[in-house]
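Use these hints to put chain B onto chain A, whose structure you have.
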Amino acid sequence: MDQLLQHGLNALILGGTYALLGIGLTLIFGIMRVVNFTHGELYAFGAYMMYMWVMVLGVSFLLALPLAVLLGVALGAAIEIVLLRRLRGADIDTTMLVMIGAWIALQNLQQLAWSGVAKSIDSPFPSSPLVLGPVSVSWNRLFVFIVALALIAAAYALINRTKLGKAMRATFQDREVAALMGVDINRVHTATFALGSGLAAAAGALLGPVFVVYPTMGDLASLKAFAIVILGGLGSIPGATIGGFILAFMEELGAGYVSSGYRDAMGFLLIILILIIKPTGLFAQKERIG
Amino acid sequence: MKRGLTAAWLLLLFSIPLWMTDLYVLHVLIITGIFIIAAMSLNLLLGFTGQLSLGHVAFFGIGAYTTSLVSLGFQVHLLPDRLVTLEPKPAWVGVLCAILMAGLCGWAIGRISFKVRGAYFVIVTISFAEVIRLVALNWVELTQGPMALNNIPPLRLGVPGIFEISFLRKPANYYLVLVFAIAAYVLIRRLVHSRAGRAMIALRENEPLAASVGVDVTKSLVLATVVSAAIAGAAGALYAHYVRIVDPDVFLFIYTVTMVIMVIAGGKGTLAGPVVGGLVFGLLPESLRALEIRPEVQWVVYGVLMILVVYYLPEGIVPAVRDWWRGRQQAMNGSTPGAASAEAAG
Numbered sequence: 001m002d003q004l005l006q007h008g009l010n011a012l013i014l015g016g017t018y019a020l021l022g023i024g025l026t027l028i029f030g031i032m033r034v035v036n037f038t039h040g041e042l043y044a045f046g047a048y049m050m051y052m053w054v055m056v057l058g059v060s061f062l063l064a065l066p067l068a069v070l071l072g073v074a075l076g077a078a079i080e081i082v083l084l085r086r087l088r089g090a091d092i093d094t095t096m097l098v099m100i101g102a103w104i105a106l107q108n109l110q111q112l113a114w115s116g117v118a119k120s121i122d123s124p125f126p127s128s129p130l131v132l133g134p135v136s137v138s139w140n141r142l143f144v145f146i147v148a149l150a151l152i153a154a155a156y157a158l159i160n161r162t163k164l165g166k167a168m169r170a171t172f173q174d175r176e177v178a179a180l181m182g183v184d185i186n187r188v189h190t191a192t193f194a195l196g197s198g199l200a201a202a203a204g205a206l207l208g209p210v211f212v213v214y215p216t217m218g219d220l221a222s223l224k225a226f227a228i229v230i231l232g233g234l235g236s237i238p239g240a241t242i243g244g245f246i247l248a249f250m251e252e253l254g255a256g257y258v259s260s261g262y263r264d265a266m267g268f269l270l271i272i273l274i275l276i277i278k279p280t281g282l283f284a285q286k287e288r289i290g
Numbered sequence: 291m292k293r294g295l296t297a298a299w300l301l302l303l304f305s306i307p308l309w310m311t312d313l314y315v316l317h318v319l320i321i322t323g324i325f326i327i328a329a330m331s332l333n334l335l336l337g338f339t340g341q342l343s344l345g346h347v348a349f350f351g352i353g354a355y356t357t358s359l360v361s362l363g364f365q366v367h368l369l370p371d372r373l374v375t376l377e378p379k380p381a382w383v384g385v386l387c388a389i390l391m392a393g394l395c396g397w398a399i400g401r402i403s404f405k406v407r408g409a410y411f412v413i414v415t416i417s418f419a420e421v422i423r424l425v426a427l428n429w430v431e432l433t434q435g436p437m438a439l440n441n442i443p444p445l446r447l448g449v450p451g452i453f454e455i456s457f458l459r460k461p462a463n464y465y466l467v468l469v470f471a472i473a474a475y476v477l478i479r480r481l482v483h484s485r486a487g488r489a490m491i492a493l494r495e496n497e498p499l500a501a502s503v504g505v506d507v508t509k510s511l512v513l514a515t516v517v518s519a520a521i522a523g524a525a526g527a528l529y530a531h532y533v534r535i536v537d538p539d540v541f542l543f544i545y546t547v548t549m550v551i552m553v554i555a556g557g558k559g560t561l562a563g564p565v566v567g568g569l570v571f572g573l574l575p576e577s578l579r580a581l582e583i584r585p586e587v588q589w590v591v592y593g594v595l596m597i598l599v600v601y602y603l604p605e606g607i608v609p610a611v612r613d614w615w616r617g618r619q620q621a622m623n624g625s626t627p628g629a630a631s632a633e634a635a636g
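The listed protein sequences correspond, in order, to chains A and B. In terms of the numbering used here, the first sequence opens at residue 1 and continues consecutively. In terms of the numbering used here, the second sequence opens at residue 291 and continues consecutively.
Here chain A stands alone, though its shape is the one from the complex (with noise of 0.2 Å):
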């Protein structure tokens, strides 16, 4: 009972962390139409830039991280202005391409930049874990749970309370209404795929510091991404919310009851399931669009 107590709160906090993850895919799905496969990419150039400042450059651990997620934001906004711009109404398996291609470029472009060697990040957390009753968690853990909550809602307060979030909002039901309207569709575009980036920067950023960093580290984000976001619905913020933390149960649950080995495969399990029992999603707000 102690053991399983102990899974459900390693979930919950890894849960966090995961909902973030999905939320920046399934906007940028949402309402650019683009599956986006750099999502990993910004995940470990979140990770990396922490190292960066941490690290190298010796910058305090409680201002390395707003600096990682802006850099992360950044460069999520460059890649929208330079990729996806001239690509706006190609269909989506010509961006999917696109996609593919920057995926490869930066993933290995990190790899030169940082060496294929894992990195780790000191973090400024007491090591002895916190201990509640019978189950135990570690002080950077608890932060990356409070970080990423805090940034959950943010999220949503930007898009539900901003005036730049009901543009996006507005987007995602009908761009050329909201074109129509006076919306700036290229602005809600690149805000979009900056933010999206930006909390899967973040993710990475508070995850880096509790495992290691290495350049393929964004393969299995981005794959376990893309289940939330299946999970919730495409497009879905609601459904990848419980999504995310949805599939941290289950990796926890497996790895600690079935084999730690099939721990990653968690997230492919659940996507079939879904796809047998309700191909639509949790959450799914319209149809599919295909």
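Don't read these hints as lab results, they were simulated from the structure. Just so you know, not all the hints are guaranteed correct.
To be verified - Every beta carbon over 10 Å from chain B, so not counted as near; a handful from chain A, in silico:
(1) Gly8
(2) Ala77
(3) Gly89
(4) Trp103
(5) Ala157
(6) Lys163
(7) Thr190
(8) Phe226
(9) Phe245
(10) Phe249
Said to hold, decoys possible - Chain A is nowhere near these chain B residues, computed Cβ spacing over 10 Å in every case:
(11) Thr296
(12) Ile413
(13) Arg488
(14) Leu499
(15) Lys509
(16) Val547
(17) Val550
(18) Pro604
Claimed, not checked - Chain A regions said to be covered by chain B (calculated; three or more residues, Cβ under 8 Å):
(19) 91-99
(20) 109-123
(21) 227-238
(22) 256-264
(23) 271-281
These numbers come from a predicted model, not from an experiment. Cβ coordinates follow ideal geometry from the N, Cα and C atoms, glycine included.
Okay, now just chain B, sitting in the frame of chain A:
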């Protein structure tokens, strides 16, 4: 004229081992040929039905592992008290099993993911490949995990004791790959020119319209996936019997990317596209080897090339050259309309 050109090509391809004595060149040609077979199978899906399989290397690897396990034999505990044993079988039985197994996996993936359109097939195939890699890595009793399956026997054909060819040496393997590649080419060509193939192309062009005239959407897509997976499985089986060692690295995503870029650059939806793209991207890394560039640089270049091809040569090399050639012929015949567009395309 066209028949003569085909004959010339075949003559060239079949004569290479007779005058090419450099075994390294033959090796590169064999590996390139195996990848061309895989790229042709991917083109059937990506080019003719418009569905991108980003886990194509899974079918390739399943083929490689199946034939290796069947021809080496294995002992595995399905349940703690139930031991399943397979005695080693001849290699050609393994190749047949590989084709069947890959086709079966293609059927399952197609059935599940074609319930919905768009990005789903891509995501299901890519995660399928990742899971198969994890299985190959973790099911050590069956696959030896990272220790790899070693000493895979070469393919032997003929009647034992009377007449037998063993595909151990490079020229023999070259002919084997060439014959398989021609067979795959002819099979795909016949398929896309058949009724089922026209249905696939119709689906790519306009799915609602195709469905409205009675094309069974899911059936056509699943059929394409099965054939494509089976051919990729055959390519994997050839690979296993040629290099004679198989480890979980055959499932690396980068191989799928190589196949995708071969198809895209060569010209998706054309029969010759994957062959041309395969030759370019199969031989290019070897010719760049003298420059001693690092593999990361090569992959960065591949990624950038993929983006550039989509922007500036969206149809691929083969259609571009064909248009240019037609334009030139028209210009020589005195009619100018095609010439201007041909220059633009070239």
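Now the hints, each set against the structure:
The claim that Gly8 (chain A) is not at the interface with chain B holds, since no C-beta of that chain comes within 10 Å of its own (minimum 24 Å). Distance check for Ala77 (chain A) against chain B: the nearest CB is about 18 Å away, which clears 10 Å, and the non-interface claim stands. The claim that Gly89 (chain A) is not at the interface with chain B holds, since no C-beta of that chain comes within 10 Å of its own (minimum 14 Å). The Cβ of Trp103 (chain A) sits about 7 Å from the closest Cβ of chain B, inside the 10 Å cut-off, so the non-interface label is violated.
For Ala157 (chain A), the condition that its CB be more than 10 Å from all CB atoms of chain B holds, with the nearest at approximately 28 Å. Remark: the non-interface label on Lys163 (chain A) is consistent with the geometry, its nearest Cβ contact in chain B lying 30 Å away (cut-off 10 Å). In this structure Thr190 (chain A) is separated from chain B by more than 10 Å, as the shortest Cβ-Cβ distance comes to about 18 Å. A beta-carbon of chain B is positioned within 10 Å of the beta-carbon of Phe226 (chain A); the least distance is around 5 Å.
At roughly 19 Å, the least C-beta separation between Phe245 (chain A) and chain B is larger than 10 Å, which holds for a residue marked as non-interface. Its beta-carbon lying about 18 Å from the closest one in chain B, Phe249 (chain A) satisfies the requirement of being farther than 10 Å from that chain. With a least beta-carbon separation of about 31 Å from chain A, Thr296 (chain B) lies farther than 10 Å from that chain, consistent with its non-interface assignment. In this structure Ile413 (chain B) is not separated from chain A by more than 10 Å, as the shortest Cβ-Cβ distance comes to only about 5 Å.
For Arg488 (chain B), the shortest C-beta to C-beta distance to chain A comes to about 20 Å, beyond the 10 Å cut-off, and the non-interface label holds. Remark: the non-interface label on Leu499 (chain B) is consistent with the geometry, its nearest Cβ contact in chain A lying 14 Å away (cut-off 10 Å). For Lys509 (chain B), the shortest C-beta to C-beta distance to chain A comes to about 17 Å, beyond the 10 Å cut-off, and the non-interface label holds. Look at Val547 (chain B): its CB is around 6 Å from the nearest CB on chain A, not clear of 10 Å, so calling it non-interface is violated.
Interface exclusion of Val550 (chain B) from chain A breaks down, the closest Cβ pair being 7 Å apart, not more than 10 Å. Taking the minimum C-beta to C-beta distance to chain A, about 7 Å, the non-interface status of Pro604 (chain B) is violated against the 10 Å cut. Proximity of the segment 91-99 of chain A to chain B, defined as three or more residues with a beta carbon under 8 Å from a beta carbon of that chain, is established by the 6 residues found. Remark: the segment 109-123 of chain A is confirmed as covered by chain B, as 3 of its residues place a Cβ nearer than 8 Å to a Cβ of that chain, reaching the required three.
Judged by the Cβ-Cβ criterion of 8 Å, the segment 227-238 of chain A is covered by chain B as claimed, because 3 of its residues qualify and three suffice. Three residues within the 8 Å Cβ limit are the bar, and the segment 256-264 of chain A against chain B gives 4, so the coverage statement holds. Counting residues of the segment 271-281 of chain A whose beta carbon lies closer than 8 Å to any beta carbon of chain B gives 6, which reaches the threshold of three, so the coverage claim holds.
Checked against the numbered hints above, the structure breaks hints 4, 8, 12, 16, 17, 18 and satisfies the rest.
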